[in-house]
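K.L.:
Assemble the complex: chain A is given as a structure, and chain B must be docked to it using the hints.
Here the protein sequences come in this chain order: A and B. Take the first sequence: its letters are residues 1 to 364, numbered as in the UniProt record's numbering. Take the second sequence: its letters are residues 1 to 364, numbered as in the UniProt record's numbering.
In short, the hints are calculated from the structure, not lab data. Glycine is no exception: its CB is placed at the ideal position from the N, C-alpha and C atoms. Errors might be hidden in some of the hints.
[As the list claims (entries may be wrong)] Output of the computed footprint for chain B on chain A, the stretches with three or more beta carbons under 8 Å from beta carbons of chain B:
(1) 84 to 92
(2) 260 to 272
(3) 285 to 291
(4) 294 to 302
Each chain is listed here by its residues.
Protein chains: 2
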Amino acid sequence: MAALPPDAAVEAAASSEPEEGELVTNRRVILKRYVTGCPTEEDMEVVVGTLRLVVLPGSAAIVVKNLYLSCDPYMRTRMSRHDQPSFVPDFVPGEVLDNWAVSKVMVSGHPDFKPGDLLCLLTGWEEYSLITNPKVYHKINHPEFPLSYYTGVLGVPGITAHAGLFEVAKAKKGEYVFVSAASGAVGQIVGQLAKVAGCYVVGSAGSDHKVNLLMTKFGFDDAFNYKKELDLDAALKRCFPEGIDVYFENVGGAMLEAVLRNMRPYGRIAVCGQVSQYNLQRPDGAPDLFQLVGKRLRMEGFLVGDYGGEYRQRFEEKMAGYLKEGKVVSVEDIAEGIEAAPAALVGLFSGRNIGKQVVAVARE
Amino acid sequence: MAALPPDAAVEAAASSEPEEGELVTNRRVILKRYVTGCPTEEDMEVVVGTLRLVVLPGSAAIVVKNLYLSCDPYMRTRMSRHDQPSFVPDFVPGEVLDNWAVSKVMVSGHPDFKPGDLLCLLTGWEEYSLITNPKVYHKINHPEFPLSYYTGVLGVPGITAHAGLFEVAKAKKGEYVFVSAASGAVGQIVGQLAKVAGCYVVGSAGSDHKVNLLMTKFGFDDAFNYKKELDLDAALKRCFPEGIDVYFENVGGAMLEAVLRNMRPYGRIAVCGQVSQYNLQRPDGAPDLFQLVGKRLRMEGFLVGDYGGEYRQRFEEKMAGYLKEGKVVSVEDIAEGIEAAPAALVGLFSGRNIGKQVVAVARE
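Looking at chain A on its own, in the form it has when it is part of the complex (with noise of 0.2 Å):
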């Protein structure tokens, strides 16, 4: 048979898609229980439903296809039960996790997409999403690259270690950087932003695979596998005699202890995340926080969402820039299919993930 013409050949692909109207079988991941402690496996469930590919004549509503689901850590957080309200709600034990997302739209009610956009936004952990109201969202300007990108180097793991890296911490040309999880989405992008900056960095992560590859991929002046020093104060000394003057906060713990031991006067500490405590019932580690008089350090958190809008936009087209001139990398880890995210989010606190961990519900 002749190859069909590019037309036929378009067409014939979308038409394996469902159509509007249709009922689609929908497997979505749910919450069983409140975590405590380390989440597992068993704490969520994939469960099968179905959703209508339809929108109410006259709302705003649309119904997107789910592609690439982003894990992060913070997404622990939101698997307990909070007294105080936190920054985001809690995740509701029966109901479907969500998270950032790359999905296409289906069907669309509302005026600013239409059917085949590409939108990454913060959607439900399942197969198709009906969204009555979409707010947080934006649009994938540089489809040239792997969608995926989207929900880490292009995405909110990208714009977080820009923010937190520059507007945060101010690092500066020739300064001493330190990031952990140096490997993990946000880290990998500090690191090399922090290179192209001009400045010294160096990484700790969890593995030899690791550190190998901050060391030949990203690009990294010096990296240490934590889990082998025995001496973390020892491990940062070797790294920095001369002491650091930004640390890109991810982990918390004894880590934090020893990093505060080792700033130099007038260092910054972005706080961006503390992997290593989301487990615990209560913080651990003891950091001598008169650090901060004798050094005058400043230690700040910070979250991605105050980084939107012309933000967002400015730093797209910078890090489209860094990627097509090889000036930054991306290492993904991708996990297939819906079934595979609850495994996927729980290795993140197992470090089993080399690289941004996505889940790839649908490639397209």
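P.N.:
Below, chain B without anything else, positioned relative to chain A:
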């Protein structure tokens, strides 16, 4: 006998002073041994020496008579040996302690000083000091106030309060401000300056008497005795139902833990000191620093030494104005005589002092 004419009276008073070239007895407070845990009077010793009131011809040295010694909690940090250099040199066993004081020039080889000049400077805990190279000092521009004020409200504690509140924490009108160790040298000024700036101000202190002082003398909006609160978190929630915008941190430990839980989004913590921690081998408390992330908090340490020169001069004029207008008052706890100095210093750690602790070695 007829009364002496005024000039002769002055001369008579002056003649009770030792003269240039004279050998005077000089009682000095030395550190006997490095301190572990809570300092005691036995860690220090008052020894008697002599000093000849001369400076080498051609030298720029001065000899001062020390009038008022400042007792400050940070001095405890200098009484232990540090492996890493701290922001101030450790005291040395067998040698005299030193700190800020108000002193009078007796003999001067320095072109900027003449006998009788009053100075605020770093000097030994002794009756007379030979200072070979006076560098860190400032003049006393408002001798109309009690001279001891230059160890407190008009001196280093005052500048500390002002810089921490306005330059570091950037307190603004209408904000909720919390101060710990609020009746102390720095805390009492922080609270009063925050009131002048239009903030809502709450302080904690360690006795009902001090709490009463905060409310009646310093004009705090609310105050509590932390030793009587079973639950610091509940105490802060009672005083700050809307949360805290600015925390002026003087104590660390359990109070800081509770404060972090009660900070409002975008809150600032100026870290001035952590008196509850100085006697510990290892920091206590388990502050939940992940709070920094969700609430975008900034926690910043500072040293008053960074606020010298013009800043200090502007501060002195501003504070002199407040004192004259009655907008700020000072409460001091004056121990008499150099023999009382060790007990006065030790008393800071049990909260024995009511207000700024000063040692009056001599009145003029």
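K.L.:
Each hint: holds or not?
P.N.:
A quick look at each hint next to the structure:
1. 84 to 92: holds (count 3)
2. 260 to 272: The restraint on the segment 260 to 272 of chain A holds, since 3 of its residues have a Cβ under 8 Å from chain B and three suffice.
3. 285 to 291: holds (count 7)
4. 294 to 302: holds (count 9)
The structure shown violates none of the earlier numbered hints.
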